[in-house]
Amino acid sequence: MTERAATLSWGRYPRTRQTLFRYHDRHATLPATEYPLLPYGNGRSYGDSCLNDGGVLLHTRGLDRFIAFDAVTGVMRCEAGVLLAEILALVVPQGWFLMVTPGTQFVTLGGAIANDVHGKNHHRAGTFGAHVRCFELLRSDGSRLRCSPTENTDWFAATVGGLGLTGLIVWAEIQLRRIANPWIASETIRFGGLDEFFAVSADSDDDYEYTVAWLDCASRGAALGRGLFMRGNHAPALCATQPRAPTGRLSVPFAPPCSLINSWSLKTFNTLYYHRQRTRITRAIAHYAPFFYPLDSLLAWNRIYGRHGFLQYQCAIPGAQGHAATRELLERIAHSGMGSFLAVLKIFGAIPAVGWLSFPRPGVTLALDFPNQGPATFRLLESLDAVVATAGGAVYPAKDARMSALRFREFFPQWPHFRAYIDPRFSSSFWRRVMEE
Amino acid sequence: MRKVLIVGATSAIAEAVARLLAARGDFLYLVGRRAEMLEAIAADLRIRGAARVQTETLDINTIEHHAALLDHAAAALGGLDTVLVAHGTLSEQAACQQSVALTFQELHTNALSVIALLTLVANRFESQRAGTIVVISSVAGDRGRQSNYVYGTAKAAVSSFLSGLRQRLHQAGVRVLTIKPGFVDTPMTRDFAKNPLWAKPERVASDIVRAMEKGKDVVYTPGFWRPVMWIIKSIPERIFKSLSFL
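In order, the protein sequence lines correspond to chains A and B. For the first sequence, full-length UniProt numbering begins at 1 and goes up steadily by one. For the second sequence, full-length UniProt numbering begins at 1 and goes up steadily by one.
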């Protein structure tokens, strides 16, 4: 276990150093070391929740074996380092799909549980954790806890969304859903502002399994909050068109010295993207990959933000506060001139998340990314935190690299209860930051 | 479908090869020392499409069990047409230099056990006048170097043995494929600092399967190792002995 490396999270900020311990054998014990441990899957968390500066990262990608798959019931059990992409490659041809998928398929199963990820069907299916039947949690005392909604239920609730802090998820069993084919019948609707977004969303949530909106957040004034609303359902068995899976992927070969995303490119991209469709509504049959994972086709896209990386910001704002708070957030961003390249807006449904520290809650969620321009960026995000806190919302730990300890405790008041379940030998850069340890 | 015996089936390269074979619906017989790991790999390969997977827990250094092993594999798969030999240990050079016993043990694991098993496999395939023998040797066998010459000696013996075997079995229609990987990022090499010369086991595995399909004789993987090793082999010993960095 002498391998030391500068490991980056997806946002390429912050930069930390830790020792790597690669797991290959699910029967193996945790390494003997005095340094704190943290599971690390495929490094798709944006900030420092998957980093452990000065400690040990337990690399789980070597735990990539399927354990059992029942093609009749759609129950899949596999080791925690299997990528969702690997699960889909195996089960889609057999007529199954994930109940919930995040916006990239390059996350591990363990990571999806530890962050209790959500997808475009949150209003229908809740979070990823709602479809986890059970998993095994390896604790540093050597015990292996089998956790499910009916066994070790407190450990289950602590570990789903528990940021890898409660122990190592070794394997997990999930329920899949039936599909007739790999295609999605989708519609894209242009909307001129936030009011229209909320109206289209309310109108769509009953009839469409998947809904999400892209926002042009470089626009101000009357155009503030305009964007494209995407909604879709799994295509019927007798599907008229049958698009092929996308082939070939491009990759960003290196991180340029400065970010390619700046106020000029941002404004241009957002305007062009908004006007890419001439009619108010377009319909298409799409393969599931470009529908769910548009950014996966550009490998290492995070490098376009340059050497200083970028900061993701995703917040959720409950109930009636959502509309006004979202407007306030967008105004602050537009005013700062640091608009986000990709801004995503979605209405979360009412299904409660199973994890104590899970992020999704009924209301509206807004996700943005900002090139790291130093203190100005951090000041903007802190001012967004204030809006979110006032509205009783929360910021997503999986995407965070900078929220203050004070804000974290406001956003997740249940943290003292969760803390009792952290493994004494586990920790992360994120956790030490928000606990001010 | 191929009927494949894989020795050293828990090694990272063997497992990656087995996944590619499973995706073709092949029949697989996995041999290794760790029973739990073998079972985990077998279950995975079944889900990935292998038509049949059976396992046997065996230390391949127990040469007296080789004949029975081949019988078990052939019985379990209904015949045998391919053998992949992938077991090995990365000898710790410094420790070997202090211990004749350890040196001999490393040579036994990495060379003698392979030669013993292949002697039986060769006769079996020669009499059935068909079969493919695939063995993971190493670029380390191309020239002895101070950093790992015990391991290199074993791999050189294996490579030479395979060269002779290939010539002998050619008439019988039996193919012998020597695989020479360079640095591969696996649990066996976890304590080494990695650089861009290191390859992933999946890359090496796809080279191996392609070579099996194309009927190649000797394959370097990744391919750039062929010219690199040609240069290293071409350096006169008078100069080579003073190149401490190699």
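One thing to keep in mind: the hints can contain errors.
Unchecked claim - Reference excerpt, derived from the structure (chain B facing chain A, CB under 10 angstroms, subset only):
#	residue
1	A12
2	R34
3	I41
4	A43
5	D44
6	R48
7	G49
8	L102
9	Q105
10	E126
11	L169
12	Q171
13	A172
14	P187
15	R190
16	V218
As the list claims (entries may be wrong) - Simulated coverage check for chain A against chain B, where a stretch passes if three residues somewhere in it have a Cβ under 8 angstroms from a Cβ of chain B:
#	stretch
17	22 to 28
18	67 to 75
Claimed, not checked - Some chain A residues flagged as far from chain B (calculated, every beta-carbon gap over 10 angstroms):
#	residue
19	G62
20	S186
21	D203
Hint data in this document are derived by calculation from the structure and do not stem from the laboratory. A virtual CB, placed ideally from N, CA and C, is assigned to each residue, including glycine.
Status of each hint after checking the structure:
no.	hint	result
1	A12	holds, 7 angstroms
2	R34	holds, 8 angstroms
3	I41	holds, 7 angstroms
4	A43	holds, 6 angstroms
5	D44	holds, 4 angstroms
6	R48	holds, 7 angstroms
7	G49	holds, 9 angstroms
8	L102	violated, 21 angstroms
9	Q105	violated, 23 angstroms
10	E126	violated, 36 angstroms
11	L169	violated, 35 angstroms
12	Q171	violated, 41 angstroms
13	A172	violated, 37 angstroms
14	P187	holds, 5 angstroms
15	R190	holds, 6 angstroms
16	V218	violated, 29 angstroms
17	22 to 28	holds (count 5)
18	67 to 75	holds (count 3)
19	G62	violated, 8 angstroms
20	S186	holds, 30 angstroms
21	D203	holds, 42 angstroms
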